[in-house]
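Chemist: Residues per chain, in single letters:
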Amino acid sequence: MLKIRNLNVHYGGISAVKGISLDVPEKSIVTLIGANGAGKSTTLRSIVGLVKASEGEINFLGENITDMETTEIVTKGITLVPEGRRVFDNLSVLENLKIGAYLQKEGIDENIKMVYDLFPRLRERSWQFAGTLSGGEQQMLAVGRALMSKPKLIMMDEPSLGLAPLIVNGIFDIIKEINKQGTTILLIEQNANKALKIADMGYVLETGTITIEGPGKELLMDQRIKDAYLGTSKK
Amino acid sequence: MSVLKIDNVKMQFGGVIAVNNLNIDVEKGKIVALIGPNGAGKTTAFNVITGVYNPTSGSVFLNDKKITSLSPDKITKLGIARTFQNIRLFKNLTVMDNILIANHLNVKSNFLSSALRMPWYIKEENHMRKKSEMLLDKLGLLGIKDEIASSLPYGEQRKLEIARALATDAKLLLLDEPAAGMNPHETMELTEFIRNIRDEFDLTVFMIEHHMNLVMEISDKIYVLDFGQLIAEGTADDIKNNPRVIEAYLGVEEDA
Amino acid sequence: MMINNNRKLMRRSLTVLIIIAFASIIILLDTKTIGDNYVRRILNLGAIYAIVSVSMNLVNGFTGLFSLGQAGFMAIGAFTVAVFTVPVELREAIFYIVPQNPLVANIELPFFVALILGGLLAALVSILIGMPVLRLKSDYLAIATLGFSEIIRIIFTNMKTITNGALGINRIPGIPTMWITFGVAIVSIIFIVLLINSSYGRAFKAIREDDIAAEAMGINLFKHKVISFAIGAFFAGIGGGLLASLLGTVDPKQFYFTMTYNFLLIIVLGGMGSVSGTIIGSFVVTAGLEYLRIFDEPLTVLGVNIPIFRAGFRMVIFSFLLMILVLFFRQGIMGQKELSWDMIEGWFKRRKGLPKKGKVDKGGTI
Amino acid sequence: MSFETFMQQLANGISIGSLYALIAIGYTMVYGILRLINFAHGDIFMMAAYFMVFSMINFSLPWYIAIVLVIISTVILGVVIERIAYKPLRDAPRMSIMISAIGVSFFLENLATYLFTGVPKGFPDIPFLTQAANIGGISLSVATIVTPIITIILLLCVLFITNKTKIGMAMRAVSKDYETARLMGIKINRVISTTFVIGSALAAVGAVLWGAKYPSVMPLMGVMPGLKCFVAAVLGGIGNTTGAVIGGFILGMGEMMIVAFLPLLTGYRDAFAFIVLIIVLIVKPTGLLGEKVTDKV
Amino acid sequence: KNDSLPSSETASGDSDVIKIGVFEPLTGENGGGGSQEVGGIKYANKIYGEVLGKKVELVIVDNKSDKGEATTAVTRLIEKDKVVAIIGSYGSGVSIAAGDIIKQSKIPTMGASCTNPMVTQGNEFYFRACFLDPFQGNVMATYAINSGANTAAVIMQNGDDYSIGLGNFFIKSFKELTEDENSIVATSEFQVNDTDFNAILTNIKSKNPDVIFAPSSATTAPLIIKQARALGITCPIMGGDTWENPAVIDVAGKDAEGIVLSTFFDENDPATEEAKSFVEGYKKELGDSEPIIPAVAALGYDAYLLVLDAIERAGSTDGTAIRDAIAATKDFEGVTGVINFTDEGDADKNIAVIKTVKDGQFVYIDTVEVKQ
Ligand SMILES: Nc1ncnc2c1ncn2[C@@H]1O[C@H](COP(=O)(O)OP(=O)(O)OP(=O)(O)O)[C@@H](O)[C@H]1O
Ligand SMILES: Nc1ncnc2c1ncn2[C@@H]1O[C@H](COP(=O)(O)OP(=O)(O)OP(=O)(O)O)[C@@H](O)[C@H]1O
Ligand SMILES: CC(C)C[C@H](N)C(=O)O
Ligand SMILES: [Mg+2]
Ligand SMILES: [Mg+2]
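Read top to bottom, the protein sequences are chains Y, W, Z, S and C. Each step along the first sequence adds one to the number in our numbering, with nothing skipped, and position 74 is 75. Each step along the second sequence adds one to the number in our numbering, with nothing skipped, and position 63 is 73. Each step along the third sequence adds one to the number in our numbering, with nothing skipped, and position 210 is 514. Each step along the fourth sequence adds one to the number in our numbering, with nothing skipped, and position 114 is 116. Each step along the fifth sequence adds one to the number in our numbering, with nothing skipped, and position 94 is 103.
Calculated directly from the structure, the hints in this document are not laboratory data. A couple of the hints might just be wrong.
[Said to hold, decoys possible] Distance condition first, Cα-Cα at most 25 Å in a straight line; then the derived DMTMM-like pairs of lysine to aspartate or glutamate: (1) S:Lys189 / Y:Glu96; (2) W:Lys20 / W:Glu243; (3) Y:Lys106 / S:Glu293; (4) W:Lys101 / W:Asp74; (5) S:Lys189 / Y:Glu70.
[Stated by the list, open to error] Taking beta-carbon pairs under 10 Å as the criterion, some of the chain Z residues facing chain C (in silico): (6) Asp600; (7) Met619; (8) Ile621.
The beta-carbon is built from N, C-alpha and C at its ideal position, and this holds for glycine as well.
Let the hints inform the model, and build the full structure from the sequences given.
Modeler: Structure (structure tokens):
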């Protein structure tokens, strides 16, 4: 569904992503792990056109989207749940959801219902300004907002960041649920353990290049990954 | 002996009671953790301690001296330093400058004598630089002292923020989610780091964290906050098995 | 090692040479061996603008306080010099509508005393203003300081018995030598540079970068903001005093809030947070504005009068250049960097087309 | 002071206040979305007045056509300025955009001085607006009566647009976060242009009503109203439309009342705006209706 | 100690042109009037383009109606362009501001229409071709009283030497002539850039004066006039020389009808031979661009001729020599009358022209002669 070939991204003179290639098959969960600053977020941002690739090709459903505008890419059915939630705190919960469906002409109400069913908490808080929600609630809203555009591919950048363990579990349940309903997922996680567990495919990014790739379960067993990302001190 | 004592503190924003009748004692030389669901009021508690907010009621004591409603800079001078949930370094300045700035609170010369480079100021400045280099050396950051803070990798930035807090000569260190955004491996390294500085600098550490591995491993005592209220306190084992905490915060670990 | 030492020596001697050359030029200008009063006037104006702009950069660029009150503080300095240095016997003629208040009518101070007094008064007023407004953030601080600057101007417009109201004061004794403006400029700028590079300067930068973190590091925000603000006001007052003496005439209208924009432009042109850039910017703007006067004069090419060259065209060109600058050279002349030998050598090499070796400097300059 | 004089002064105050309010809405809208103090707003207003002079005097158009034309050309001017001077600086530090705005303001003023000379031009007489009415000893022109009404109507329109429509929602989203707004598929440039369309149209309406009242058109005519209306916008809490209108009324009324009741302080009339502003900011650092900004630490 | 600047001799002595500086506002508040004055000067230069066998070249600088800018502009004329004499400026404020530099550089300067006493006071190098504000104030007060006024209100612009000066001289004369300290029922000052005079005028209306005297720039005048009429004020409104500007009629429209102003010159009543040929020639030059010859143009013309005449008589371009020649001017027949200079350097004029506006035109009412 999404094919990336030899992607290079620069910030000014600094090269953040150095020629990576990856594939996201339809209806799968693919996860991208790696240390801080490895270039994970940059990869996602370049897929949706928030940063421009300096080299390489991004292909979505057979179409080259490398040089498209963000708005256009979003129209094609990709959305990003950005790092740090980024909900519109001056808009109510309901408005945040509506703005998620900005490009949608119809079916908005059903979508809202679908999101509310997924996150009953949001239904309760429908009129609250998003800025006053707790971190976990904001994260739910960010995911819900992304779902509003009925994306074919939803990309999530560290959705569990700063969340309480209970909520983290909840988020992973929801990712599985969304995927079950047919949405393809590209996930960035620091919590490599949990991510690899639910992933069909995993890629490990190190300073801008992919060093290891393979099915999630396999990577979970990989000694290099255990050492570098999973932490060996299991009590 | 308790270094920090939070006595019946309540913090209200309009209709929201973020912290309610909070009582906490942090003992000298210990590592104490504050955990709880998102929005429970943990950061708010830190903000009250450090003087960012004035509590609606209640008091905070540092070494039995009341510090409630002092301004943040005064509280830092009295010996509490902190880091922030979202890193707040002086981004465009060098590592060394970041550390030197944290030394400024001890500068005795006034602005005139420092601009005019009076001998006593030059002495202070030299002393400050030497001290900062020693600190950076101890924390293994000396090699990057001339780098611009924002160009550092995330983990180093976290470390630098802690180093900067230490440079104020504070004895009580408040860390707000130091491991946020770190993977389990990096988190483990951080655990070691915090333990080491506690011993090296003779510190008391009070921290907020959601990474349970870190918290359970390192804390001498844990306080659990929910809806602004303390729902549990105790050692790691007490907390892990406390049903209220599990229900409100930990959830059931699926497995290993 | 050897090469490095040689280089250092060469740089040092070059620096000394440049300082000597600079001093000689001023001496030659000053003794009227070269140049004319017009050139001297423009250079003096440039030096005055440099004082005010650098001090404004201290506040806006280094401390991150968005203050637009410079014109008001200049007015304080300018009127102090005007009120106290005009010879007593001329006052009656100047205050011909409403006589001057007897309290000040007979006080005549030496220029430097009046100048410093002007600076101090400006600083004092800035502290009084700073108490309430320095708590405000960015745009709100900007408009509040701009407002105070206007209030100062309006008060001067109405204090007829002291400032002669909106008529202003003329016949202010002139500046006898360029060393006064340049001397004051050099001393002021060196003072500000030393301050910026002291512990206090670092504290200012910390406040600029992140005031909450700065406060958490034990920096008393209010105290440091007030220091920076008052020093900025002090030097603005000094600049105003020099300006009064240079122009020989002051009236409140000159210190309209739009005057502050000029300094803002200079700072941005020179590079926000760069002292050397600001100094260069000051001279470029003052000299440039005069140079552009050719656009105001009728131009005849081959006997045909080109109609677009007429009064006002200069300012159109000026504002156009300004827009180009803001849009395409956002960093200004120097960015955040200071002029240094490394940089000059860098230019030199590039000119000669020598291959840049080693580190490429990280962009920034134009 | 007689009752008549008092009522007359009151009417004077409402009339100038509502003009300030009208122009302040434009300021506040642009600020609300771009966080940009659009220093050029007063000059756009000035250009609108010149457009009116040209269309009615030089091209002898009837006033109703002229007004439409003026609104259209002012809107074009506003959008062009946004495209040329602000759009390229979308990701630049705010200071740069601000300087750019000052630059545009300088440019328009100088250009107008150069093209139209400093000599004031008479604002064309719109008979319908300048008709004088005498109500119980109080002299009012139709413009004076109509202005507050138009201001309130336009305020309601703007409030409706920003709070109840999709584009309004997009405006609010863009004002918080360009990048995430782009992710939602919002064409932020279009949204920002729309803001300038509304803001400039309001400036044009303001210019027509202003001209009917103060029929002297000159290159610097926008400076003082520009500054006052900006103060009005800040007073009300910049970014808040209702606040801007309240701020405008307070300023207009206050100025008139100073001159009316304290003739000795007439010289301080222009200072009034700033004194009120500073007092309000000291008590309420973000203006009367401004959103409270607490830094989330 | 005053070893002034490279004197003008070396500068233009050996070249074949003589440069005369024109120091006028071309932009800013007084840009309109300044341009009119420059028109007259340029025309004079066209007619009389030579002196001492050399071509006269005008160097025109814009002082932008700004005092600070004015000093720079004058310095530039003297130092960079090395002019031997200067003409200007419209607007007394800028003239006063530049006075000191002129005095120090010893460059004779001829004001055309700057009427404030301060311009020439104590400055032996500054002269002027027009009458003064005390005189003008007296003229207008006299005229007001002669047309039946017992009370007056005065509106002045704070910060404009001209407006404040003239206003105060009017007040003084009016009180003296009516022998009533309370005959001035209201005085108000407004600020630069003010456009709204409703509050001031409402107060004045409640005092019900017989006449309003509002010396002000041509920019402000029509606003005051229009707003006064809109408030239902019906008494005569009077101003000074600045008002004889087409902008006033253009902007104030039908409300300008009936205003009264004093000025220097009337094209329908040429006082001298020179005036006749000037009116004829300059009318042609102006074409349709101005309905009548602006008085300031006539003064500009005179100022130029006065300077030229003095250079001729001095036989040199030395500043002091020219100055002395100007001071010695005897019965010079200019366009605006016969000119001699007082010890202060002011044209010794004792007539002013009173005009009003009728059917959208400035029309002559009277010539007033006042013995000072
Ligand atoms: N706007 C930017 N300008 C310059 N450099 C940037 C920018 N954003 C990111 N970088 C740099 O690009 C590199 C990759 O950053 P990126 O955010 O993609 O990493 P990441 O893998 O998502 O890390 P994290 O776990 O911290 O989110 C880093 O070295 C970072 O410093
Ligand atoms: N300045 C403020 N104004 C209004 N409400 C506030 C303010 N600061 C915090 N709150 C509210 O107080 C509650 C506690 O917030 P706090 O930031 O202390 O949570 P936390 O425990 O640190 O959560 P997290 O783990 O997500 O960081 C939240 O509901 C928050 O919205
Ligand atoms: C030229 C004149 C109309 C101006 C006025 N007399 C003045 O001196 O300011
Ligand atoms: Mg990332
Ligand atoms: Mg928190």
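Chemist: Please name the hints from earlier in the document that this structure breaks, with their numbers sorted from lowest to highest.
Modeler: 3, 4, 8
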